[in-house]
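**Student:** Quick mapping for you: the protein sequence lines, in order, are chains C and B.
Take the first sequence: its letter number 232 is residue 232 in the numbering used here, and every next letter is one higher.
Take the second sequence: its letter number 104 is residue 702 in the numbering used here, and every next letter is one higher.
These are computed hints drawn from the structure, not numbers from a lab.
Think of the CB as a built atom: it goes at the ideal place given N, C-alpha and C, for glycine as much as any other residue.
Warning: the hint list may mix true and false statements.
To be verified - Over 10 Å on every C-beta distance to chain B, these chain C residues come out as not near it, computed from the model:
id: 1; residue: E69
id: 2; residue: P270
id: 3; residue: E363
id: 4; residue: M364
id: 5; residue: A367
id: 6; residue: D369
id: 7; residue: P413
id: 8; residue: I426
id: 9; residue: E533
As the list claims (entries may be wrong) - Derived lysine-lysine pairs resembling BS3-like cross-links, with alpha carbons at most 30 Å apart:
id: 10; chain 1: C; residue 1: K456; chain 2: B; residue 2: K666
id: 11; chain 1: C; residue 1: K340; chain 2: B; residue 2: K658
id: 12; chain 1: C; residue 1: K436; chain 2: C; residue 2: K471
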Amino acid sequence: MQRAPIPENEKERLLSLHKLGLLDTKPEERFDRITRTATRIFNVPISTLTLVDSKREWFKSVCGIDQKEGDRAISFCGHALLANEVFVIPDTTKDKRFSDNPMVTGKPYIRFYAGVPIINADGERIGVFCIKDIKPREFSKDNEELLKNLSAWAELEINSRNLSLALSEERKIRARLETQARELENARIAARNVIEDLDIEKSKVGIAKAKDEAILSSIGDGIIATDSNRRIIVMNKVAERLLGWSTEEAIGKLYDDVVSLEDEKGTFVPPEERPLHKAFTSSATTTTTATTTVLYLLSKNKIKFPVAITVSPITIDNKIIGAVEVFRDITKEQQVDKTKTEFVSLASHQLRTPLSTVSWYAEMLLAGDAGKLNDAQKKYLNEIYTGNHRMVELVNALLNVSRLELGMFMVEPEPTDIIKLAQSIINEQKLQIDRKKIKFSSSFEKDIPIISADPKLLDMVLQNLLSNAVKYTPEKGTINLTLQLVKRGASVGNQKANEDSIAIVVSDTGFGIPKNQQGKIFTKLFRADNVREKDTDGTGLGLYIVKAIIDHSDGAIWFLSPGELASGEESGINPGTTFYVTLPLAGMKKKEGTKALT
Amino acid sequence: MENRKIILIVEDEVTLRNALRDKLTHEGFGVLEAKDGEEGLEVALRDHPDLILLDIIMPKMDGMTVLKKLREDTWGKTVKVIILTNLSSDVKIGEAVILGSFEYLIKTDWKIEDVITKVRETL
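Construct the complete structure from the given sequences, taking the supplied hints into account.
**Tutor:** Okay, structure coming up:
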């Protein structure tokens, strides 16, 4: 018996066969109908579509026997595989190659075989379409053609399946590629969108920045900002104009090289005393104005003009990263200020001359220098004299107010014995106190030190408080003046002292301050209703001036008054008022000014 | 009246000058008058009054200049001067003290009676 030969390219053939994916799959009608057709046409009992595997022949379709596979070595198809076109054995018993084949000598007793090799799309011989009979047969050329046709059909089915597989595979790949392409496209679009958004944001930021810059450069005051090394980082148009430096020139330069400051006398202000430097050293906002020490700016082209400067540190997360200086030309303000000062001087002189005249002539008439007067004449002249005197006080008070408000008043602290001062004020008021039969007492704490204060201002404070008490306390009332020391944190008059202080306490059993008007008592020209009814004298300026002085001295002034008692006057009990003034032991600060208060 | 004291009033305000003149005359003083600083200095150096009442703000020459010039003169160096002014608040107060004026009175704050008292005290 001749064994089925092995083709030369067996390895490639097997790879190609396995790739078809047909081996060991379920029977399919598309193949079964071919083998069935073959048995009918040729009237044979067996037809198979055989795939020749490495060791076996496996039937993708089999008609006529109940067998799935067989040994390749003894298979007929193993031979037919290598045939040119049709491989026919009319009688197996008469063919030496097959006569002793077990399938010839034993079941199923094959006597006739005809097969056509099946070639797949790769061009490999992968199997055979065949018919088998148990009787010898003659196989005509027509029969061969017919078998070749059926075989071609089978071949078509195999390859078409392969093709459709390939096609579906390709479809899948294409779909995958398309998906990937779409994804890529989407990613590209997304990326483009991101870039576009970025561009929009960038232009938005650009617009915002341009806006900020426009705002900055359009601010009507000069602005310079520096970094922490005092190098200029920002400058606006007004600063350019005032300094005579262009922004391009100035940026990156040291502040002190660009800004040249002098004081009133033309002395150069050293860098460490300039407001900008204070912003770094004290991290506080510093302001210079027309009423404080005036600084003069010297522009690049040596034009000198007075400036008001405000410098603030620029902080991020509590760290000073630079400073920003706002400044403006205050030439006009200075002129206005000067005019105001001149006006006050003039008013002071011009208003007082006629007042003195009235005062002196009335006095001389009253003294009888121009002849003896009768009682009515004396009475009327006294009215003129008193009225004039009130006018003098009012003018003095108004001038003081204008000096306070213009910031022109000066504070000249010197070692001051406040007890002595208080005693002299008491002496001044003695006449009035006695006249109204007021019970007056005073107590001065022993250890009150000499403090640095402007005696004229302190005098004004004490004089106002005591004369108010006398003025607004009815006859036989009680007034007490106390000077005491208050330690920091200790309380006086329901208030805690912020630092070691001297407290001036003036209490009376006077008319009190109506509850609903207590908030206004330090307001300029304000007089409480209850005292306006009782005493028409008074300017409404005294406490306003006192408060202004105390405020300047870092002191405090307040009062306690239960208000007007409901039945106060009828019962003869007045609510009384207690005024408290605290002055820091540290004393008053010196203040340069053109005018003293009178 | 050999020992009658002569007072020079240097004051530009005629009503005030008249008031002072009348009062001083009434009190028995001899009175000289000047209507501005220039005239005041001239009269003072010529007539050598016993005391000068000197206003500060005046035309032609202000009171402080008058005082300064007086102090340059051998007679004027020691003449008694009382400054009469409306300007209590002027920085000039200090100057006046340095220049040795004996008294400093603010017109509105003083009765004319007080002025006379001051004059008597100073003499």
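**Student:** Taking the hints in turn, state whether each one holds.
**Tutor:** Results of checking the hints against the structure:
Against chain B, the non-interface label of E69/C holds: every CB pair exceeds 10 Å, the least being about 134 Å. No Cβ of chain B approaches the Cβ of P270/C within 10 Å, the least distance being about 28 Å, so the stated non-interface status holds. Distance to chain B contradicts E363/C as a non-interface residue, since its nearest Cβ pair spans about 5 Å, not more than 10 Å. For M364/C, the requirement that its beta carbon stay farther than 10 Å from each beta carbon of chain B is not met, with the minimum near 6 Å.
Not every beta carbon of chain B lies more than 10 Å from that of A367/C, the smallest distance being close to 7 Å; the non-interface claim is violated. Annotated as non-interface, D369/C brings its C-beta within 10 Å of a C-beta of chain B; the closest such distance is 5 Å. Taking the minimum C-beta to C-beta distance to chain B, about 16 Å, the non-interface status of P413/C holds against the 10 Å cut. No Cβ of chain B comes within 10 Å of the Cβ of I426/C; the nearest lies about 20 Å off, and the non-interface call holds.
Residue-level check passed: E533/C sits 29 Å from the nearest beta carbon of chain B, beyond 10 Å. As the CA atoms of K456/C and K666/B are separated by approximately 27 Å, the hinted pair is consistent with the 30 Å bound. For a cut-off of 30 Å, the pair hint linking K340/C to K658/B stands: about 24 Å separates their Cα positions. For the hint pairing K436/C with K471/C, the CA-to-CA distance comes to about 9 Å; that is within 30 Å, so the pair holds.
Hint compliance for this structure: hints 3, 4, 5 and 6 are broken, all remaining hints hold.
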